[in-house]
Each structure stands twice: as C-alpha cells, then as structure tokens.
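Starting from the known structure of chain A, fit chains B, C and D with the ligands onto it as the hints suggest.
Residue numbers (the UniProt record's numbering), protein chains in the order written: chain A, 1 to 228; chain B, 1 to 228; chain C, 1 to 308; chain D, 1 to 308.
Hints were generated in silico from the structure; no laboratory data involved.
As the structure is a computational prediction, the values presented were derived from the model and not from experiment.
It is possible that some hints are incorrect.
Taking lysine-lysine pairs in the DSS-like style, the calculated list, with each CA pair at most 27 Å apart, reads [what the hints assert, rightly or not]:
#1 K304(D) / K115(B)
#2 K22(D) / K115(B)
#3 K111(B) / K26(D)
#4 K304(C) / K65(A)
Derived, one-sided and incomplete: chain A residues facing chain C with beta-carbon distance under 10 Å [claimed, not checked]:
#5 R78
#6 R150
#7 P170
We treat Cβ as the ideally placed atom computed from N, Cα and C, and that holds for glycine.
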Amino acid sequence: MIQMQDVWKTYPNGVMAINGMTIHIDSGEFVYIVGSSGAGKSSFIKMLYREEKPTRGEIFIDDKKLADYKERHIPYLRRNMGVVFQDFKLLPGLTVFENIAFALEVIEEKKDEIKRRVMQVLDIVRLKNKARFYPHELSGGEQQRVAIARAIVNNPSVLIADEPTGNLDPDTSWEIMHILEEINDRGTTVLMATHNREIVNSMRKRVIAIEGGRIARDEVRGTYNNES
Amino acid sequence: MIQMQDVWKTYPNGVMAINGMTIHIDSGEFVYIVGSSGAGKSSFIKMLYREEKPTRGEIFIDDKKLADYKERHIPYLRRNMGVVFQDFKLLPGLTVFENIAFALEVIEEKKDEIKRRVMQVLDIVRLKNKARFYPHELSGGEQQRVAIARAIVNNPSVLIADEPTGNLDPDTSWEIMHILEEINDRGTTVLMATHNREIVNSMRKRVIAIEGGRIARDEVRGTYNNES
Amino acid sequence: MRGMKLGGRTTMKVRTYGRHFKEGSKNLVRNGWMTFASISAVTVMLLVVGAFLAVIMNINHFADSLEEDVEIRVFIDRDAETSEQDNLEENIDTLSGVDTIDYIPRDEGLEDFIDSLGDEGDYFESLREENPLNDVFVVNAENPEQTDRLAADIEGMDHVENLEYGQDIFEQLFSATDFIRIAGIVLIAGLLFTAIFLIANTIKLTIIARKTEIGIMKLVGATNSFIRWPFFIEGLLLGILGSILPIAALTYGYDQLYHAIGERTGLDFFEFLPPYPMLLQISVLLVVTGAVVGVWGSLMSVRKFLKV
Amino acid sequence: MRGMKLGGRTTMKVRTYGRHFKEGSKNLVRNGWMTFASISAVTVMLLVVGAFLAVIMNINHFADSLEEDVEIRVFIDRDAETSEQDNLEENIDTLSGVDTIDYIPRDEGLEDFIDSLGDEGDYFESLREENPLNDVFVVNAENPEQTDRLAADIEGMDHVENLEYGQDIFEQLFSATDFIRIAGIVLIAGLLFTAIFLIANTIKLTIIARKTEIGIMKLVGATNSFIRWPFFIEGLLLGILGSILPIAALTYGYDQLYHAIGERTGLDFFEFLPPYPMLLQISVLLVVTGAVVGVWGSLMSVRKFLKV
Ligand SMILES: Nc1ncnc2c1ncn2[C@@H]1O[C@H](COP(=O)(O)OP(=O)(O)OP(=O)(O)O)[C@@H](O)[C@H]1O
Ligand SMILES: Nc1ncnc2c1ncn2[C@@H]1O[C@H](COP(=O)(O)OP(=O)(O)OP(=O)(O)O)[C@@H](O)[C@H]1O
Ligand SMILES: [Mg+2]
Ligand SMILES: [Mg+2]
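Looking at chain A on its own, in the form it has when it is part of the complex (with noise of 0.2 Å):
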C-alpha cells in the first residue's frame, strides 16, 4: 500500500516539480499517471523508489514511513519495486541476460533459477534471440522491453513503469500491456506514467492526472483526457 500525505517537492536548482501530493493507492490496484510533459509523473514516480526525497511531507510504502529507512536498508525496499525507467537505464557493460540476471543476482538467487527466470522474461517480452546482445546493439523499443523485463523478473510487490510504452509501436505496446494486466491479476501492484491515450481509454483502470505538480483528476475508471 503506497500513501503520500501533503509531499512537496523543489529540485536544488529551484523547481517546484511535485505542489502538495496527497494520495492512497491500495495494494493490488492497477493505477494510470497521467500528465502533460513536465507535469511532475516521473518525480512523483522517483519519490516512490526514493531516487528522489521529497522536501516536504511524508510517505508511507507498506505503512512504513520511507524517511524512516536508514540508507542501508534503501536497497531492501527497491527490491520489492519492479521499476522500468522512462531513460531505460541498462547497464552498458551487461548483455542483455547479464542486465535481467543482475537483478536476482542481488537477491543472491540461485543460477540455475537465475537463468531459468531471465530466459523465461525474455521469452515474454519476445526478446530470447537477443540475449546475448549488449543494449546499444538492441534498437529503442527492444531496450525499453529488456528495461520491462528487468524490472518484473523477480516478482515485486509493485511494478512501476514509467512510459513503458514510448518507444514502441501499438502492437507490441498491447502485448505488454496485457503481461503488465496480468501481473496485475496475481496481485502485484501496478503504477504506471504514460502519454498513451489509447491504452488508457481502451484498458480502463484508476487514472490520476497531474497537473504543475498537483492532483488534477482522480478517477477510478477514468480516461486520457477529461470527459467533463
């Protein structure tokens, strides 16, 4: 259960990305972050996962204040959260298996189970012919899939994406947003920025838009845009 109470957030050179945050989203839910470019979806999302601490306010992962974890305990706390970030961030140096692998190696999984796991997401996302492929020889959905994969293969708790989606055309868009329905399904929580109007208004769920910072709209089977 994510909780956000009264969150501010100004970055060092000043701006003020997140106004005054107040949200509750329950375990299990399947959530849309919508907004136009700038709006604050990725420091909203960054805070969650504590790249980023807010300024002000608190919030609340499994009723456990996040200002409360002590800086060795951060780890711990990411590895419950499945994140695909909006930049990708794959490891240069790693092949495509070695970046999926990376994520159970740090939970010192076993390497039959490492290898059957990553083979397995590989297969999901339709990538198992390019593991041996270092990132900047994939073309950019195949890196975004390979970022979606890393970030569901051990299983957490919550799956944050952040435009999953941007790079790739809408078929391969759909597929993966029926695994991300399905992991859904079995419980994980998915919170989810995206700019993709179809998605949205198709696959219908929670959306919350922001807007400078703030909550502009809160529904619960909501759609891209307004429909008042």
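Below, chains B, C and D with the ligands alone, put in the same frame as chain A:
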C-alpha cells in the same frame, strides 16, 4: 532529394537490419516511417546522415553518392540535415541553450544571431524558461523537445526525426506535429519515424512501412496500419 | 505487499563471493584500455619506487660499512715495556663494547706510512734510521656509536701517550651517513606517496567513468557491499598485476648488475648488497603496495558514487 | 535541397577561435575532478623531474669541478738554478692549452706536507733540517682532456726531474664523472618518459569519459578541427597550470637550500650551482614539457573518437 538503391545493412554482430531497400524521396516531401519495434526504422535513418554505412547498395543525397563523401566532408552533409535522435543525444555538460547553440556555432554563426535563433526555437518548443538548465534537470519530454529545437534551429534542408513524440503527451505531440508541418510547408523535406497511430492516421502524409528490413508498404496518403 | 526484508542480511552466500570474483576479473577485461591505463600506472610507479629502493638500500649499506671502519688508534708510550704493553691490551680488552684489538709495531707502521705516500715516500727512506713513530693498538668498537665512550676510557689508562680516533672525520662521516639515510627515507617516502597518489588518481578516473552504472545498480536493489566487492577484487588484481613487471625487471636487472659489475668493481671499498634478501624484501613491498593502493584507490572512488 | 557546402572551408573565423578558447577553459572548470586529476598528475611528475634535474645538474657541476682539479706537478731538478727554473717556466708557458702555472718552493711544500699529516706530522719536524723535497711547478690545463699531452711535452724539457699527474686517479675520476653524467641523462630521460606516459594516460582517461560527447558533436555537424581546438586549449592550459606549482616549489626550495646550506657547506670541495641560470633552464623545460605533453596527450586521445 533522397534515394536508396538496393541498400543492405548487416551489423557487425550479424543482425541483418536492412535487407534490400530501394526508395526515392523528393525534395519537400513529408514521410512517415512506420513499423514494429526492431523493424529497421532507425537503421534506415542512421544511414542517411552516415552514422551507419550500408553494407551494400548506394545512397544518394541531392544526386551525390554518400559513399563518395570524404570523411572530412561529412560534417557539411550533416549541417544540412536536422536530426532528432531517438535517444535525444544531448550534450550533458551543456545547458539547454548551449546545446541548441552548438548547432549554430559549428557553422560559425554570429553570436547575436545565435542568441536570437536559439531563443526563437526555444519559444517554439515552449522551453524558454528552461534555457539555463542542464539536460539531466529536465523531464523526458522536455529533453525530447530540446532535441527537436536543436534539429530545426539551423533551417536544415532535410529534417529527420526518430520518434520525436515518444515521450510527449498528445497535446504537446500535436504542437510538435504542427511545427513539423509548418517547416515542411516552407520547403524542408521531413522524414519521421513514428509509432503514433493517431498522428499518422489524422495527419495524412506519405507512409513507408518497414517490416524485417524491407519496405512492406509505401502509400502516398497512407495510414498507420495496412488498410487492406 | 509481501513482507519487506529490512533485517539487512549481513552474511553473503558463498556463491555470491564467487560471483564477485568473476565479475571483478571480468571488469578488467571489459574496461580494456582503462585497465591498461591503471595497470601501467601501477607498473611504472612501482618500478621507479623499486629501483630507488634498491639504490638507497645499497647506499645505506655502503654508509654502514663506512661507519664500521671507525677505529681508535692508541699510541703507546715509547718507554712502555712489552709487559706493560700487554697489560694495556688486557685492560682495553676488558672494556665492554670492544670488538677487535690489533697491534701495529712502530716499524710496520713506518713501512705502511712510507708505502702510502707512493713515490714521494722515497724521500723519507732516511727516517728508517731513527723511526719517529710509536707502537699502536688499533681498537675497533662493536658499535660505532660506542667509539666515543671507549676512547675516553682508554685515554685514562697507563702508558697511553696519545689517542686518535678522528673525531672530525668520524663525526662528519657519521652525520653524512645519517644525512644519506634520512634523505633516502624522505626520497622513498616521497616517491611512494607520489606513486600512491597517481595510482589512486588513475583508478579514480576509471571508476568515475562507471559512475552512472553504479547508480543504476543501486536503483535495481544492489547493496553497497554487493557493488563494492567486485571493485575490491578489481583493485586487488590491478595492484598485483601491476607489480609483476617491476618485480621481474628489478630482479633480473639487479641480478645482472650484481654479477656483471658487483664482482669486479673498481671501487673495492664499495660492495653491492647481495640480491637475495634485498630483492625479496623489495618484491614483498611492491606487491603489498600495489595491492593495498589498488584496493584502497578502488574502494575510495566507488564510495562516493554509492549514495543513490 | 539547398546547395551543400563541400568545399570544406579551411579557414576559421576569428570569433570561432575566441569561442574555442572560451570553451577550452570552461571545460577545465566543468570537468572539475578530472581536471584536478590531470593537473595533479602533471604537477607531481614535473616536480619529480625538476627535482632530479636540479640534483643531476649539481652532480654534473661537481664532476666538472673535479675534472678541473686535475693538475700536473712538475718536480724540478734539485740542481737547477733560479734562472734555469725561470726558463723552464717560460717553456711550459709557451705550450698551448696551459691555463695556470704555480710555483711551490720546496720549503713551502714541506710545510704543507707536514700540516697535511695533522698530529702525526709532528714526528717529521726533524725533516725541516734537511728538506728532502723538490721545488715544484703546478700546471693546470685549460681543458682536463689536454693534461695527457701537456704532461708528455713537459716531461721532455730540461731540468724536469720527475712529473706527477695521477694518471690512475685522473682516469678513474674521468670515467666516473662520465658514468655519472650518462647515468644522470638516463635517469632524467627515464623519468621524463615516465612522466609523459603517465600524464598522457591520465588525460586520455578524462577524454575517454567524453567519448560519447565527441560523437554527438560530430553527429550535429562539427568538423574534426572544430572539436579538436577546445581540447588543444584545454591540454595546453592543463600542462601550463600543472607546471606552475613545481616551478614555484623548486625555485623557492632550491633558493632556500642554496642560501642555507650552499654558503656554509662543510664540504668545501663541493659547491652548489647558483640558482640563476639553472632554475630558469629547469623552469623553461618544465613549462614546455607540461604544455607539449598536455596538448599531445589531449589531441592523441581525441583523435580516435573523431571517427563518427
Ligand atoms: N533532476 C531535476 N532537477 C531539476 N529539475 C528537474 C529535475 N527533474 C525534473 N525536473 C523538473 O521538474 C519538472 C517535472 O519533471 P518530471 O520529470 O517529473 O516531468 P514528467 O511529468 O515526467 O514529464 P515527461 O512526461 O516529459 O517525462 C519539470 O519541470 C522538470 O524540468
Ligand atoms: N548498433 C547495432 N548493432 C547491432 N544490431 C543493431 C544495432 N542497432 C540496431 N540493431 C538491430 O537491428 C535491428 C533494427 O534496429 P532498428 O534500431 O533499426 O529498429 P527500429 O525500427 O528503429 O526499432 P524501434 O522502433 O524499436 O526503435 C534490430 O533487430 C536491432 O536489434
Ligand atoms: Mg517523465
Ligand atoms: Mg528506432
């Protein structure tokens, strides 16, 4: 005028990205390049500004063989092309202003003129207030708009954009599309790889669909998907 | 949400150490040129340090041998009888710290003196008729620092006419060797510091290039120690690999030099230190320095990128 | 499509040079720690080179002065009259290559000799009665290498009883100073090479970190020379900035040393080189080395990233 004659591209790792492409694009055209993830859109585009060289076949730009260009003349070729890269390729050490100005400094433009032009394009992409920021201080969509601004700042004869709206919300995407259309109206050839079905289907232009490194479809006022 | 592990499992599984070792050595290969830059920095700096160490150890050895030559010349009363001379010798011998006592009869002394003058000595042949010299005891202290005390003790004894132990030369030499020793230590310390600084610098640069990657690892849930271990291994290997060449070069070079020059040196007062214990000492110092600096440089540099 | 400029305008506008200079110096600040690493590598290495250069120049100077001390002692026939001695002096004086001729009467010679023996000399006071020595001319050659020839010439003259110019010591010393000189050159060359290698290495590492950026610049239409210029400036500044500290330290340090020790050196046969021309020579060498290595390291490293 851009021309390709039976062009093939095989990457060093053995991936056959382009498999025999013959195409002719006239000066002043507006062309969408569509195709699924990994189809070969970026590879096609990269050969035009010589980031990649074809393995076989000839490419002509303005009736001049690309293969005949001496290494030291390539920069002059590129100065007549504005390119929006799929991964933006902004210089991390330079501010937004400096990033865009760089494309003008390269052609030894006057300082005052540089300033005037940069502020003008920043206005067009609505990022005037972020001129002094560094790329890592921008949201994904803002970075993409800087990349677009840099590509158009020196009034290139050809504008090549690789998924220029991948990280933009629908409204901003439309704004960008109108800018591209305007530039095209002024005589600039525009090539744009995109996954945005909505845009392709509403703003009808020539559509080249790539599948497995070949041209699967080439329609004058086409749609994203095959209409057949 | 499933229970979050906050306990911070502090023990790592054995297979994870294996992974770190593999990862660390893989990184050496992956970073190609950077690895080369680091290793060659280690190599070059250790070579310089090792070479100077060898030179300075030899100079110190030479200084030591100079000090050992410090001796007290006791001029015996010309009136002293043989028994009295023997008495004096016994008295000297009972003093603690006396190493050797040599007796030089006046005739032998004159002979040596005339010889030492070379050609010019010929003009003094006439002296043989009435030898103006004394019989002499040459006393060597066990420890050059005791010379002063011994001299004072001997001076008070009977039948000692005079006593010479070259206070001036001795003190001058003594302070000179001290100076050489201190200068040597300062020089080596300076070089070592320079080497450490430059090696750490180079390693730091290679790690800065991986700053983003370290950040990504943290974002994907790696603990600091998980990230640090491969860097530890990498630094260790860098240092050890970097010390191989200097050790080999020094061992071979010094051995060659020792056998080529050392044995037939024109300067017979100077003696090269034998290769055996010295080269071993230097080698150990170089490996340890390389390894420590490698690890230290590596971990220090990683540290500041771990705060993500 | 508008006409493409293929001519490759080879001349750059003046304002563009201004831009390159500004860009190059800005990069120093932008790259913060990397700049620090490069400059400190230059600083440290040049300091070592400079210090050794000062030491070696002094040693060479010392070796030179040793060589200058090589003199020919001409022992004059005891039977020679004053006029004959004068004759001999004139004859020697006409030889080419003679620098100075000193006359030491036998009495003075004995005095010196007895003095030089110190305490032991007392026993030879009796010699004063019948001085066994000769009168001596001490001949100094203008150039130590001429000593041999001069000695041969003088030996054949009248009233020369004997002649001494320490062939052994002379030759030994001569080859020793040669050895020192060669060893010094080798050492300095080795250190310089090491310095160049490590500095270039460090600069290379900082530029590798900017590999992607160089690629982007090329893709945006920058020519190679447009990209290279700021790197040229940067390397130049790196080298010059890096040489400031070593030059300051050496100048100050040597000056202090010279005035503190140089003037009251116990070893009066050894003389420090005066600071003036030497420090200037070293400074110029350091600045030039720094600048050349900086520029060279920078441009060499950029080169291989320009092929995009
Ligand atoms: N690291 C940063 N430092 C300073 N300002 C930042 C930083 N990251 C983002 N910002 C600013 O904060 C605001 C919100 O950015 P954010 O990345 O959250 O937007 P977003 O909703 O994700 O946009 P997009 O859809 O374009 O990705 C923007 O104005 C942006 O310029
Ligand atoms: N540098 C490279 N080295 C090796 N293979 C590459 C390289 N770049 C692309 N490829 C491969 O070539 C094929 C075509 O890639 P390309 O980037 O052209 O696809 P794309 O159509 O742009 O896809 P996307 O929509 O995902 O960006 C893919 O299979 C990709 O894995
Ligand atoms: Mg974002
Ligand atoms: Mg692409």
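Hint check results:
1. K304(D) / K115(B): Not OK: K304(D) and K115(B) at ~32 Å, beyond 27 Å, violated.
2. K22(D) / K115(B): 17 Å, holds
3. K111(B) / K26(D): 17 Å, holds
4. K304(C) / K65(A): 26 Å, holds
5. R78: Check passed: Cβ of R78(A) comes within 4 Å of chain C, closer than 10 Å.
6. R150: 7 Å, holds
7. P170: 29 Å, violated
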